[in-house]
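Each chain is listed here by its residues.
2 protein chains.
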Amino acid sequence: MDQLSATFAALADPTRRAIIARLTAGEATVNELAAPFDMSLPAVSKHLKVLERAGLISRGRNAQWRPCKLEAGPLKEVADWAERYRQFWEGSFDRLDNYLKEIQQKETSNDA
Amino acid sequence: MDQLSATFAALADPTRRAIIARLTAGEATVNELAAPFDMSLPAVSKHLKVLERAGLISRGRNAQWRPCKLEAGPLKEVADWAERYRQFWEGSFDRLDNYLKEIQQKETSNDA
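Top line first, the protein sequences correspond to chains A and B.
Counted the way numbering that gives the first Met the number 0 counts, the first sequence spans residues 0 to 111.
Counted the way numbering that gives the first Met the number 0 counts, the second sequence spans residues 0 to 111.
The shape of chain A in the complex, shown without the other chains (with noise of 0.2 Å):
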C-alpha cells in the first residue's frame, strides 16, 4: 500500500482520530490514551498500531512505556493532497453563489 493509501486507511476511523487530536496536546501513553475512551487497552492498542504503520505517530523507546508522538508529515501530505481540490470546491460554491443570486434578481424583478 502506498504512504497516502495507509494514512487516510488509518484516518478512516472516529477513534484514530480522537487519539491524533488529544496527541497534539503532547505525548501521552497507551493507559492514558485509552482513559476517555472506555475501551480495553489491547483495543487502543491495535487502534495506535495501524496509526504507527501509517507514521502518523511513533512510540518512545522505553519498553514499560513507549510514549505516543504525532507525526506532522503524513498529515501534512493529506492537507496537501485536498488543497489541491480548494479551487473545485471554491469553484462549485461559487457557482450555487451565482445560482442563488440570480434567483434573489429574478425575485426582486418580480416584485418590482
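Keep in mind that the hints are not guaranteed to be accurate.
If several chains are the same, the list does not tell them apart, and a pair holds so long as it fits within one copy or across any two.
Quick list of in silico lysine-lysine cross-link-like pairs, BS3-like style, CA-CA up to 30 Å [said to hold, decoys possible]:
1) Lys75 - Lys48
2) Lys45 - Lys105
3) Lys105 - Lys68
4) Lys100 - Lys75
5) Lys68 - Lys48
6) Lys48 - Lys100
7) Lys68 - Lys100
8) Lys45 - Lys100
9) Lys45 - Lys68
10) Lys105 - Lys48
Hints are computed from structural coordinates only; laboratory data are not their basis.
All figures in this text were calculated on a predicted structure; none of them were measured in a lab.
Add chain B to chain A, keeping to what the hints say.
The following block gives chain B in isolation, referenced to the frame of chain A:
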C-alpha cells in the same frame, strides 16, 4: 460509519484518487474513466460505487450513460480536518528549524 470515516476510507486507494483527479476536468462516463486505467468496467464500477456511497461523486440519471460528477463537500471536509493540524506540523518544522540553527550556531562559535 460516519461521513468523514467513509470519505477517508474511499480515498485510501490510488485508483479512486486518480478518478477524483480526472473528474476535476469535468463529468465523465464509466467508459471514459476506465480508459486510462487498463481495468475492467466492473472493477471501475466498483470503485465508483465506493466513491458514490461516500458522497465524493454523484451519477447522472440517464440510465445508459450515468455520467459521474465530482462533489466538492467531502473534499472540503477533508481539507478542513487536515488544516486544523497545520499549526502542529508547522510547529514541528519550526522546532526542527530551531534545532538546526542551534547546531549551526554552536559550530560557528566552535570555529571562532
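What are the numbers of the hints that this structure violates, sorted from low to high? 2, 6, 8 and 10
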